[in-house]
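> Chains as they are written, first to last, in the working numbering: chain Y, 953 to 1241; chain D, 953 to 1241; chain C, 953 to 1241; chain A, 953 to 1241.
No wet-lab data here; the hints were simulated from the structure. Careful, some of the hints might be misleading.
Treat identical chains as interchangeable: a pair holds within one or across any two.
Listed below are the simulated DMTMM-like cross-link pairs for lysine to aspartate or glutamate, each with C-alpha atoms no more than 20 Å apart in a straight line [said to hold, decoys possible]: (1) K1032 - E1222; (2) K1089 - D1188; (3) K1032 - E1045; (4) K1089 - D982; (5) K1001 - E1222; (6) K1089 - D1121; (7) K1001 - D1121; (8) K1001 - D1216.
One-letter residues, chain by chain:
There are 4 protein chains.
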Amino acid sequence: MKRPVFIATFLAAALGAAAQWGPQSRVLTDTIHSSVLNADRPYTVYLPKSFDTDTTRTYPVLYLLHGMYGDNQGWFRDQKANEVLDRLINSGEADEMVVVSPHAGGNPAEEQNGYFNIPGWNYEDFFFAEFLPYIEKTYRAGGSRGRRAIAGLSMGGGGTTSYAQRHPDTFCAAYAMSALMDIPQEGAVPSESPGDKIALLTRSVQQNSCVRYVAEADDTCRDALRTVRWYVDCGDDDFLLPRNIEFIQAMHAARIPVEFRVRDGGHDCEYWHTALYTCLPFVSRAFTR
Amino acid sequence: MKRPVFIATFLAAALGAAAQWGPQSRVLTDTIHSSVLNADRPYTVYLPKSFDTDTTRTYPVLYLLHGMYGDNQGWFRDQKANEVLDRLINSGEADEMVVVSPHAGGNPAEEQNGYFNIPGWNYEDFFFAEFLPYIEKTYRAGGSRGRRAIAGLSMGGGGTTSYAQRHPDTFCAAYAMSALMDIPQEGAVPSESPGDKIALLTRSVQQNSCVRYVAEADDTCRDALRTVRWYVDCGDDDFLLPRNIEFIQAMHAARIPVEFRVRDGGHDCEYWHTALYTCLPFVSRAFTR
Amino acid sequence: MKRPVFIATFLAAALGAAAQWGPQSRVLTDTIHSSVLNADRPYTVYLPKSFDTDTTRTYPVLYLLHGMYGDNQGWFRDQKANEVLDRLINSGEADEMVVVSPHAGGNPAEEQNGYFNIPGWNYEDFFFAEFLPYIEKTYRAGGSRGRRAIAGLSMGGGGTTSYAQRHPDTFCAAYAMSALMDIPQEGAVPSESPGDKIALLTRSVQQNSCVRYVAEADDTCRDALRTVRWYVDCGDDDFLLPRNIEFIQAMHAARIPVEFRVRDGGHDCEYWHTALYTCLPFVSRAFTR
Amino acid sequence: MKRPVFIATFLAAALGAAAQWGPQSRVLTDTIHSSVLNADRPYTVYLPKSFDTDTTRTYPVLYLLHGMYGDNQGWFRDQKANEVLDRLINSGEADEMVVVSPHAGGNPAEEQNGYFNIPGWNYEDFFFAEFLPYIEKTYRAGGSRGRRAIAGLSMGGGGTTSYAQRHPDTFCAAYAMSALMDIPQEGAVPSESPGDKIALLTRSVQQNSCVRYVAEADDTCRDALRTVRWYVDCGDDDFLLPRNIEFIQAMHAARIPVEFRVRDGGHDCEYWHTALYTCLPFVSRAFTR
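With the hints as extra help, turn the sequences into a complete structure.
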């Protein structure tokens, strides 16, 4: 006895198997061994739906950085980045792209969080020397500045901004959400035991202050910063809004163009989920074709 | 040694403990025993942040219906309804309200899905005679038509529409997402064994066709339908769009006002998540104060 | 020979006569004689579509202030406020309301611009003692704080904020767009001839600095400010953004809740036109019913 | 005595002279002589801000068609297309492009409206043989299919769709707003005097029915239609919504991809103004670079 088409379609759709038949995007988690860190590091990557069929095609790449306490799966588990990607790629508002989240988090009392180099844990070196080349080779992604963007939330928004500031030849666009642009001195940890992981993180954020970087940039540096497309997005109830305002003021003073938005919200998942609706078209427009 | 304020705030926020201090909204799952169904039925309810402190206050209520294969937790687990509720209540775009999802799903081969009465499983009777009064008494919610709205997705969008059609004295507003307004005859299951759960569901949807109900409504019925505020929201790639178009055409022919939107998307989680951004303000505007 | 219905409808719609038949909203311009100013002052008012048929009904009122160089017709001519009003009232997103723009502009070299009292031109006295009562009596509008809101752009955004600061018992909500919250001292006109109209305007803005008002507010004043619902909306390319940021910082420091948005755009017509889409629902939610 | 910078900036901005200094976009109206029509025909064209300085650069082009009773200036006077263009080009959401409106309207009792050929007035021939080549040569625009899109409202939405249907080799994208996709037979004018201009227009719309064109398309034609990116946008209160639904149903039946949106609104200026916010990014994404 044959089930009619309608019900079959309905069940398939209800099961999430369908609507679009044929190849689908996928999210996978894997591990890279880092010699720099002397550790295995997991990452999670989104591969667009043509990835498995267009086997010679290369894709632009977006590095998507999680926040403190987060992990490589967070963007896909908590902010459902793959659902927004599927939707915007399907409507044409975003390009097909590879999106990858490295792991720079966990419980900060036990695991070293952060995207910067600290003594004994040169995360930034790992990112640029090992992670980025490996991802781009493995997943037919990026390959040149015009095909590479970076975005992130909170601590990852600070990482996004600082990476793009100090590597403007690597990324064509940077989208910072609710970004930890700096930590004020009164927020510093005055005297910690040498191995205190939160103290190390705090100091690395201050040493890589995104605000001071712009304020102190000379003309050459400013010219380099102007080659990147910048977007800063922070909620009106976010406790990091003052830091983002300082950053915008520094950018304006240095006459470096930057898109700035303050939307409704605080420092929360839904803010970052909705930010993807502007982030993904923004980086897509920046990619060379 | 005292941790500075900034870091404490940051950690708390990062942990999700904060941003707003003080009372928070909460989502809880509990069970009601139904004499009508002769079974225990779970439900999940959102209580707004003032609920535990304003202990004499009553709230408007939104019944939020899941789709086929879904369950009472779906709206909060998959569509993150509580995050959108918190956000829109905080900004004032939605009223503080109680939101509750009953359980009418599960694996349809094993559990009877659906919001309608079928032989031996009078779900609709349970909903109106047992569930609704119990919820409104237990959670200081609803209490009158002007303080009660209904919304749902897919099978729950059909349930929403049909419930509000046949109980216009119960609900002041109905918001149907990607609604199963009907199943065409070619979609019917021609000859099934008597207990086939999907066949029973299919027939109950056809018997309660939302399209036919409007088409056959006499003047008195149309007047009653005009007392409800209707909103129909369906994706342009949704396989149920034709059913929703038929419903809108019937509503127009009967001169019953209805808001109609076709947004980008298919029959998927993210469509329903984003639908909450219009649904919650819509029902809030309909509530009497 | 009878023209068929379709074409008749089409022509009517094309002519702008229709879509909705029956009563329509209207915009009219009239004049009030001011004893305070010893002058006739024009104003423009929007009356919602039920105004002429529900002849005993009273409406909430929104005072909508134009900017420098503007006039009482600007909001309706340049920002098409009536089109947005019709649309949002029709969909239920805004309440039916009376909206009125006084005239406080013109060529600032020849006519005294501004909403504040200056020697010989006590505009603020006129507004509160003559204009507001006259409008509310003539057009069945307002009548109490909970039925009265204020909004404005640029110089009118400063007027909006300052009026609501110093008359929190008069307005329940204030929505400031691209607001002239203050003029920095370096922007001051150092020594002008006594009658210089721009110098007078500049000084009155500085004397009524919205930023300083918050910064200097004592506890009683802060409590009063907390009774108003505040919304500040300014473009990321607006040269007044720094002033709006200072205002928000002062509000945060004083712990007075305020919605803050930075959207894409500069100091231009289209920014204010689009601001109405958030302004009108915002004031509608604030109105008592 | 020097006026301080702040006031100077403010005055300039208030005067609309600025915000951005340097070259600005401009809108100009000019006339083309048509041999086909044996008449002079006015048109209005938007030139992006780099047009006068990048004197060797060529631009993609958007043909923007007005509705019945409209004229070549309507899009810029009534829908303020240039303001949306400036804004979206400035933020990068739309490409710099040339946008041009021909004149195909006026009072339909006196002037022949419409985009189709009728006896003695071969407007479509004029458009493709004279107008399009002249515009693209004169304003360094278009030049190939991938650099040419078309959009329009009401009668111009029908013109947009029909032109792109029958000239899929000319346009890469078509965006139809509130489109007159067809006129039902009951809307036909049964017996008119030969020269009745409205009867001629009605018949030409029926002869070029966009719905029937898709329904009757053979496989070759469908393949050609699939090379165009289609977008259909119609208000939920628009009396033309049924025609647009018929068109979408025909497109779905023919398996030709089309974006479809139903937003809030009727057949009015503000609907078309807001449609530009999706239309301009849509055509920009379609343009080859």
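> The structure should be examined with respect to each hint, and the outcome stated for every one.
Here's how the hints hold up against the structure:
Taking identical chains as interchangeable, the C-alpha atoms of K1032 and E1222 lie at most 20 Å apart whether they share a chain (10 Å) or sit on different chains (9 Å). Taking identical chains as interchangeable, the C-alpha atoms of K1089 and D1188 are never at most 20 Å apart, the minima being 40 Å within one chain and 37 Å between chains. Only within a single protomer do K1032 and E1045 lie at most 20 Å apart by alpha-carbon distance; the minimum there is 17 Å, versus 24 Å between protomers. Taking identical chains as interchangeable, the C-alpha atoms of K1089 and D982 lie at most 20 Å apart only when both belong to the same chain, with a minimum of 15 Å there against 50 Å between chains.
Only between protomers do K1001 and E1222 lie at most 20 Å apart by alpha-carbon distance; the minimum there is 18 Å, versus 25 Å within a single protomer. For a Cα distance limit of 20 Å, the shortest separation of K1089 from D1121 inside one copy, 19 Å, qualifies, whereas the shortest one across copies, 38 Å, does not. For a Cα distance limit of 20 Å, the shortest separation of K1001 from D1121 qualifies neither inside one copy, at 29 Å, nor across copies, at 28 Å. With identical chains, the CA atoms of K1001 and D1216 are at most 20 Å apart between copies only, with a shortest distance of 18 Å across copies and 33 Å within one.
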